[in-house]
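Residue numbers 1 to 159, in full-length UniProt numbering, belong to the letters of the sequence shown in order.
Just to be clear, a hint being listed does not mean it is correct.
[Unchecked claim] Restraint ranges, calculated between C-beta atoms of paired labels, are given here:
#  : residue 1 : residue 2 : range
1  : Thr52     : Pro26     : 19 to 27 Å
2  : Met121    : Ala65     : 14 to 22 Å
3  : Pro5      : Met120    : 48 to 56 Å
4  : Val84     : Ala27     : 25 to 33 Å
5  : Met120    : Ser11     : 42 to 50 Å
6  : Gln12     : Ala65     : 35 to 43 Å
7  : Pro47     : Glu14     : 48 to 56 Å
8  : Glu3      : Pro128    : 20 to 28 Å
9  : Thr29     : Glu99     : 43 to 51 Å
10 : Leu77     : Pro39     : 17 to 25 Å
11 : Gln103    : Arg78     : 13 to 21 Å
12 : Thr52     : Lys6      : 47 to 55 Å
[As the list claims (entries may be wrong)] Mimicking SDA-like on lysine to any residue, the simulated pairs with C-alpha atoms at most 20 Å apart in a straight line are:
#  : residue 1 : residue 2
13 : Lys8      : Asp18
14 : Lys102    : Gly116
15 : Lys102    : Arg126
16 : Lys102    : Phe117
If you're looking for bench data, these hints aren't it; they were derived computationally from the structure. Backbone N, C-alpha and C fix where the C-beta goes; we use that ideal spot for every residue, glycine too.
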Amino acid sequence: MWEQPKGKAFSQSEVFADGATGRTPPAGTVARGSLEPTPGYSSGLGPQGLLTQVPIPVDLARGKAVYESFCAVCHGLRGEGDGVVVQRGFPQPPSLLQERLKQSPPGYFFLAATNGFGRMMSYASRIPEADRWAAAAYIKDCLQEQGAQCPGGTRATNR
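With the sequences and hints as input, model every part of the structure.
Right under this line is the structure:
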């Protein structure tokens with residue numbers, strides 16, 4: 001097992017007629033982790049624009065944890081735009097409780113977390129897609145509608 005025949009990347013192969021070790025994937029295959037579970041899951045967009053519903057079942061307790069870890073630093077625990085960085089002199093972000101954002105669909109918050117918005121950086125490399133959807137559901141279901149009074153472990157599907 002110490003020495004075994006194997007093809008190293010970009011090396012010559014005596015096995016295949018074209019002499020290459022790298023093979024083209026069979027038609028119709030999808031790389032692991034690349035399959036989108038539902039339309040709009042990765043983009044936040046549907047045929048009519050921003051997704052108006054969360055496309056997957058999410059755990060609101062997980063959404064709360066993600067929000068408190070990544071969003072509350074700027075937006076505050078209650079979404080009022082009074083996070084700790086604002087108290088240290090950073091410009092105040094918009095309150096998530098203002099009417100314009102209350103009217104925004106979950107896809108808006110997913111896209112803001114994915115691409116960044118204004119002074120907000122992109123969190124796509126830091127927060128997995130499912131967690132961004134969970135945070136969007138937490139913002140819509142808990143912060144905006146119940147004033148941060150959301151039962152832990154509640155699942156929001158297609159909201």
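To see whether the hints hold, each was checked on the structure:
no.	hint	result
1	Thr52 / Pro26: 19 to 27 Å	violated (37 Å)
2	Met121 / Ala65: 14 to 22 Å	holds (20 Å)
3	Pro5 / Met120: 48 to 56 Å	holds (51 Å)
4	Val84 / Ala27: 25 to 33 Å	violated (52 Å)
5	Met120 / Ser11: 42 to 50 Å	holds (45 Å)
6	Gln12 / Ala65: 35 to 43 Å	violated (50 Å)
7	Pro47 / Glu14: 48 to 56 Å	holds (51 Å)
8	Glu3 / Pro128: 20 to 28 Å	violated (39 Å)
9	Thr29 / Glu99: 43 to 51 Å	holds (47 Å)
10	Leu77 / Pro39: 17 to 25 Å	violated (33 Å)
11	Gln103 / Arg78: 13 to 21 Å	holds (19 Å)
12	Thr52 / Lys6: 47 to 55 Å	holds (50 Å)
13	Lys8 / Asp18	holds (15 Å)
14	Lys102 / Gly116	holds (19 Å)
15	Lys102 / Arg126	violated (25 Å)
16	Lys102 / Phe117	holds (17 Å)
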